[in-house]
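A.B. asks: Chains as they are written, first to last, in our numbering: chain A, 211 to 494; chain B, 4 to 809.
Please keep in mind that the hints were generated in silico from the structure rather than gathered at the bench. Among the clues, some could well be false.
Unchecked claim - Okay, derived cross-link-like pairs now, SDA-like style, lysine to any residue, Cα gap no bigger than 25 Å in a straight line:
1. B/Lys-586 <-> B/Asp-718
2. A/Lys-452 <-> B/Thr-688
3. B/Lys-75 <-> A/Pro-213
4. B/Lys-800 <-> A/Asn-468
5. A/Lys-252 <-> A/Asp-373
Nothing here was measured: the structure is a model prediction, and the numbers come from that model.
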Amino acid sequence: MIPAAFDYHRPADVASAIALLQEHGDGARALAGGHSLIPMMKLRMASVDHLVDLQDIDELKGIAITGGKVSIGAMTTQNELITNDVLAQAAPILREAALQIADPQVRYVGTIGGNVANGDPGNDMPGLMQCLNATFTLVGPDGSRDVAARDFYEAAYMTEREDEELLTRITFVAPTGGYAYEKQKRKIGDYATAACAVQLSKQGGECATAAIAMTNLSDVPVFSEAAGAALVGTACDAGAVKAAVAAALEEIDPMEDNRGPVDFKRHVAGVIISRAIERAWSRA
Amino acid sequence: MNDQSPPTREQRVAGLKGLGCSRKRVEDARFTQGKGNYVDDVKLPGMLFGDFVRSPYAHARVNAIRTEEALKVPGVLAVLTAKDLEPLSLHWMPTLAGDKQMVLADGKVLFQGQEVAFVVATDRYAAADGIAAVEVDYEELPVLTDPFEALQSDVVLREDIADQTEGAHGARRHHNHIFLWEEGDEAATNQAIESAEVVAEEMVYYHRTHPCPLETCGCVASMDKVNGKLTVYGTFQAPHVVRTVASLLSGIEEHNIRVISPDIGGGFGNKVGVYPGYVCSIVASIVTGKPVKWIENRMDNLMATAFARDYWMKGKISATRDGKITGLHCHVTADHGAFDACADPTKFPAGFFHICTGSYDIPVAYVGVDGVYTNKAPGGVAYRCSFRVTEAAYFIERMIEVLAIELGMDAAELRAKNFIRADQFPYTSALGWEYDSGDYHTAWDKALKAVDYEGLRREQAERVEAFKRGETRKLLGIGLTHFTEIVGAGPVKNCDILGMGMFDSCEIRVHPTGSAIARLGTISQGQGHATTFAQILASEIGIPADSITIEEGDTDTAPYGLGTYGSRSTPVAGAATAMAGRKIRAKAQMIAAYLLEVHDDDVEFDVDRFVVKGAPERFKTMAEIAYAAYNQAIPGVEPGLEAVSYYDPPNMTYPFGAYICVMEIDVDTGVHEIRQFYALDDCGTRINPMVIEGQVHGGLTEALAIAMGQEIAYDEIGNHKTATFMDFFIPTAWETPTYTTDHTETPSPHHPIGAKGVGESPNVGGVPAFSNAVHDAFRAFGLRQAHMPHDQWRVWKIAHDLGLHG
Chain A
211 MIPAAFDYHR
221 PADVASAIAL
231 LQEHGDGARA
241 LAGGHSLIPM
251 MKLRMASVDH
261 LVDLQDIDEL
271 KGIAITGGKV
281 SIGAMTTQNE
291 LITNDVLAQA
301 APILREAALQ
311 IADPQVRYVG
321 TIGGNVANGD
331 PGNDMPGLMQ
341 CLNATFTLVG
351 PDGSRDVAAR
361 DFYEAAYMTE
371 REDEELLTRI
381 TFVAPTGGYA
391 YEKQKRKIGD
401 YATAACAVQL
411 SKQGGECATA
421 AIAMTNLSDV
431 PVFSEAAGAA
441 LVGTACDAGA
451 VKAAVAAALE
461 EIDPMEDNRG
471 PVDFKRHVAG
481 VIISRAIERA
491 WSRA
Chain B
4 MNDQSPPTRE
14 QRVAGLKGLG
24 CSRKRVEDAR
34 FTQGKGNYVD
44 DVKLPGMLFG
54 DFVRSPYAHA
64 RVNAIRTEEA
74 LKVPGVLAVL
84 TAKDLEPLSL
94 HWMPTLAGDK
104 QMVLADGKVL
114 FQGQEVAFVV
124 ATDRYAAADG
134 IAAVEVDYEE
144 LPVLTDPFEA
154 LQSDVVLRED
164 IADQTEGAHG
174 ARRHHNHIFL
184 WEEGDEAATN
194 QAIESAEVVA
204 EEMVYYHRTH
214 PCPLETCGCV
224 ASMDKVNGKL
234 TVYGTFQAPH
244 VVRTVASLLS
254 GIEEHNIRVI
264 SPDIGGGFGN
274 KVGVYPGYVC
284 SIVASIVTGK
294 PVKWIENRMD
304 NLMATAFARD
314 YWMKGKISAT
324 RDGKITGLHC
334 HVTADHGAFD
344 ACADPTKFPA
354 GFFHICTGSY
364 DIPVAYVGVD
374 GVYTNKAPGG
384 VAYRCSFRVT
394 EAAYFIERMI
404 EVLAIELGMD
414 AAELRAKNFI
424 RADQFPYTSA
434 LGWEYDSGDY
444 HTAWDKALKA
454 VDYEGLRREQ
464 AERVEAFKRG
474 ETRKLLGIGL
484 THFTEIVGAG
494 PVKNCDILGM
504 GMFDSCEIRV
514 HPTGSAIARL
524 GTISQGQGHA
534 TTFAQILASE
544 IGIPADSITI
554 EEGDTDTAPY
564 GLGTYGSRST
574 PVAGAATAMA
584 GRKIRAKAQM
594 IAAYLLEVHD
604 DDVEFDVDRF
614 VVKGAPERFK
624 TMAEIAYAAY
634 NQAIPGVEPG
644 LEAVSYYDPP
654 NMTYPFGAYI
664 CVMEIDVDTG
674 VHEIRQFYAL
684 DDCGTRINPM
694 VIEGQVHGGL
704 TEALAIAMGQ
714 EIAYDEIGNH
724 KTATFMDFFI
734 PTAWETPTYT
744 TDHTETPSPH
754 HPIGAKGVGE
764 SPNVGGVPAF
774 SNAVHDAFRA
784 FGLRQAHMPH
794 DQWRVWKIAH
804 DLGLHG
């Protein structure tokens, strides 16, 4: 559990970090909270010659909420998401989800940027960001570009981000209505057996908008447009929830692991999705 | 009362902090401040670091090991392979179970994680780089992970003994067979079962798991070539045995070996055996002349050092129609892995599994255990239990439940109907054990009353109806267990490890000013010996526990003992402590009589002093007596106040308990919630109730882990699937329920203070209590047996297979 030797860099701004990534190419990796990368290095499953630690880059930190728009720096820790009361007002689903990530020690160090950028299907934030229809800002040698969270994930650990780019910021419109992040896991610190983020709004007793996304039920987070559509215009009654669950299950592709076989995961996913919808509706 | 008034007798008793006092643990000051001294804290000048190249395959031929590139890595000094150890005859080593085990791969590897080469470097970073640079040519071989298949397969795992039809424990009937060990009367048992009114038959699997102490195994070996002395610091639950083994293996005379167990961060059986890391560190230190440290990482620990359980227990239990048990038959297929490295007393290759008649008066019984080799890690240690006692308790407590189903009877009532009655003790079981004492009915009734058992059953019945009506998706399980343990190994006449009788020892020195030090042959790994043994002594010799130092773990200073495991410390070393204390007291009596100018028989012991009979105002305190022992010439009495006792217990002790677990189960997700857990323990005389409660909480939490998720799992080609804490379940405070503890107190009649041992009871009784709760929740829907661990998907599968998902 000891990594191979590597050079450690600690740039103070984004431009310097990108320059380091450019200079060292394949041998360089950006380090955020390190909860995924460091274990992989210790197991010698990731070989990194140059570790570019982002923790001194102030422009990657902080939460700003202006005009109904939420902007979160990539190096904001999960704990900061939890303890920021303004954010909890604007998008309470973030606190609810972040509290279900790992344990307090991990959350003090783990960052939202690392969580979404790594492309690990077990991470909770990617699905949540798809649910919120967030935008990721990527900065590279050729400048900055925005990619929708719903378009970002290609396969496990494969994303739209180029090797020489940094994911610097996450933005989304503060949601309204009811929300829920429902997660089943084996124990504290575990990844989800199945998890689901729901954000919906209600008008005149009917569901006006609904977004549903799932975690660890495929090799990428799964945003199910059809599941949301199944709720819109209904009173989220049992039949509508069932239809939404059926639509969502069409789009998942869980793999067997120590958490259980595929049929179990599909069953639990259905339960978790329906609980998430019911809880979100009760809050709408 | 003014300040000058003498303390009352009660005050003097309280001042001793002796038996029965919830004295705070004296160890905790250093542990809670990060001031413990564990093996990895040992740093000697010039110390090197060694670590292993391990096999990625479960079964493969090792055609070549190339070390040239590794030796070029800066800081790497040596790479040891079996070829280097062979001239010393150390490429294999004997196991505690009479088998032998490769120290380093000798031509082949037999389990994933097996030690292949030992890289010695200036520090652990260089060693890790060196390991990465060693090239090994493996040729994969067919893998056997199923013991039943192994007994049929043509694949020979142990080529070194393929032709041997006789093993350490009798005949071997197949090249992957280790032994068949039997106890009891099989013919009579079969007859009882065949002629019975009711028979229940079931396969009960107790899955493979691992003790997983938070501190992994490790050592620092330091050979001083000038004076010829070898010092080994290590995570040893039995330091004296390690010294003897090290001497026998290395040829270094035993007086030239010093083994030190410093603070140990949990053992639970994992630190009883001798591992290749110890041997390689010692060899490396002898070769280099420098101290060599080896410390396992977590994955090494879970993959390579001793596992626990892995018993397939096929049971038949018979009874009369009204529920009186008439016979018990058990055949175990025991998966021992690649080498038979169980840590059991020599004559008991299945440990004390034949305690499997449990708390019940069963007239006739038979046990047969087949040990089998597979491509899994060796071990088979007693994980927080006496030797195979948890397996036995799980087996009988499951069989009782299955029999209750067969009879259509309440499981609590069935137990009560068959308990050994208080008036039957001492009781000889059908499998030959003599139970020393017990009062099961009293404990059972107290437990049922404490949880309102009848009320729970009513609630459960209502819940089942509500479930059937579709009003709830949660079921209620009531897990019952009444366990009887057998601990305190053990009488030298039938218990030994590598020929060493399983006595234990205590040596006491009372200092002139009335304080004392006592040294024991055991070693605490968190049990709190420094706290509780001082309490035994305080009550025996009248010196306050706070004025007594307890020291263990240094073979140069401690008397010889067999170490700490199997709840043997209090039954054996605790007894030695009391007996040594009584020798001190006998001498103190002579000194007191001399000082008081009366006959020896005219003084009597009273808390902290000897008083003249009938004249309590005439007395000498133990402090005064101790001083006199060193500064007065007393005719016929040697100076000094010291004593040694080596205690050979006349029998084991038999702690018991009644546990009840109330569990809610979500049938749709397999998620459980433990609503209540009641644990009544009877460990005989209670030395320190607070320490007992702590032991019970810890043991129950490990039981929770095992029953509800913890396992060592392999895939079909022998890949270890649970080698990190991501997948190997260790409960946090979050998953741990609130426990209610209770007790009855039935002293052991043969132990000097009546104590029986308690550290392992909660694991022995806890596992069946949790598991029975899961089973019981589904009893109304037809479940008979579902194997542990009861993690979410397996509980979900129970519900699914019973058709509860519609």
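A.B. asks: Looking back at the hints listed earlier, which ones does the structure fail to meet?
C.D. replies: Result: hints 1 and 2 break, sorted rising.
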